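Enquirer: Model the full assembly from the supplied sequences, consistent with the hints where possible.
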Amino acid sequence: MAKEKNEKSYKGLMIRIIVAIIFLGLLFSTYFIKDDIETYLNSIFYPEVSNDISNSKLVMHFINVGNADAIAIELPNGEHMLIDSGDNNNTSREALISYLDNNFFESGEEKTFDYFVLTHSDADHVGGAALVLQTYKIEKCFRPNQYTEAEAVEYNITDSKNIVTTQVFQRFVNALEEENCEVEFFTVNSDINFSDFDINFIAPLETTYSDVNNYSPVMILTYAGVKTMFTGDAEKEVEEALLNLYDGYTGEYASSVLDIDILKVGHHGSDTSSTENFIKALTPSYAVICTDGEAYGHPSQTVLNRLENNGVKNIYRTDLNGNIIIGVSEDGVISANLGTYTKGFKIEWYQLVLLIGTIGLVIIFSVGVKRKKKR
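Take 788 as the starting number for the sequence shown in my numbering and just add one per residue.
Derived by calculation from the structure, the hints in this document are not laboratory data.
From a predicted model like this one, the values you see are computed outputs, not experimental measurements.
Okay, derived cross-link-like pairs now, DSBU-like style, lysine-lysine, Cα gap no bigger than 30 Å in a straight line:
#: 1; residue 1: K948; residue 2: K927
#: 2; residue 1: K844; residue 2: K927
#: 3; residue 1: K1100; residue 2: K1067
#: 4; residue 1: K898; residue 2: K927
Simulated DEER-style distance windows between Cβ atoms:
#: 5; residue 1: S816; residue 2: S894; range: 19 to 27 Å
#: 6; residue 1: A937; residue 2: N1096; range: 42 to 50 Å
#: 7; residue 1: S841; residue 2: T953; range: 37 to 45 Å
#: 8; residue 1: I1150; residue 2: N877; range: 44 to 52 Å
#: 9; residue 1: I1146; residue 2: T953; range: 52 to 60 Å
The C-beta atom is built at its ideal place from N, Cα and C for all residues, glycine as well.
Expert: Have a look at this one:
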């Protein structure tokens, strides 16, 4: 009797082990559709965010490089653009190069930037420029109306406001000379136009500024009816000048030129930029802030409140969301892929496997097992 009982118990255990193996096999086979599973579940918990950018023809990568700017763009025609290059420290430079090599350029693809835009001379924008020029092929570089001391002599630049004496800017210029690519000192006439998209430079409006941040170009990239504005570190003086220039903005309506969909918030979210009237004129639905959330108090809570109060529904930050990818399809559909979701945790495949696997195994090995009654 005891022998039959042991055989029955052994047989039951073997059946449970076989069922467990089949269950785990089926569970792990979902790895091959993990992206679809993650997209579906995250779209339920975070309906304002779609992390499926597979249909996007324009893909903008806001790279997490600290309190600095580095934005890599896959343009609709297949060309590549890089705006700024991170900060002047190893951590920022390594984060930039690692991301570009592993997440931006496809395997086997020639690592070329057709356009490299350096907005202004500050180290948190030009810090990795020399390394970028040494690492990748650059077809054309857009640079601000700022010069080294040697260049000032060469170009007969006499205003000290246009002359930069920092070593990091000198390294950029030296690397640029060695690259021997096409160079343009950008102006409002530096537009890039193709049949299905345009990049329009609407600032700088002056050739000389007392604040180096205002040398930053303000660019609007238009594709499939969606307009994205890149601002560098341009401050309120530039914003006010743009408001005065386009349709004499009075605070009652938004200029058709300035009415955009996606905004790269100026100066890491500092309150020296993003004035109330400017945000009202832009009316963006998406805002991206490139910051580490610590240095210099960026982003300003005043700016965050201003964005929210003016109807910006999706505010993303590299310090909270990690690397941020925003895509635009040829039908004008905007999608965002975030490293981390701020309203909770992003559901990932391995988390589901651990949860479902644990629950499943507990059920398999416990249901139907008779417990001995206590005497």
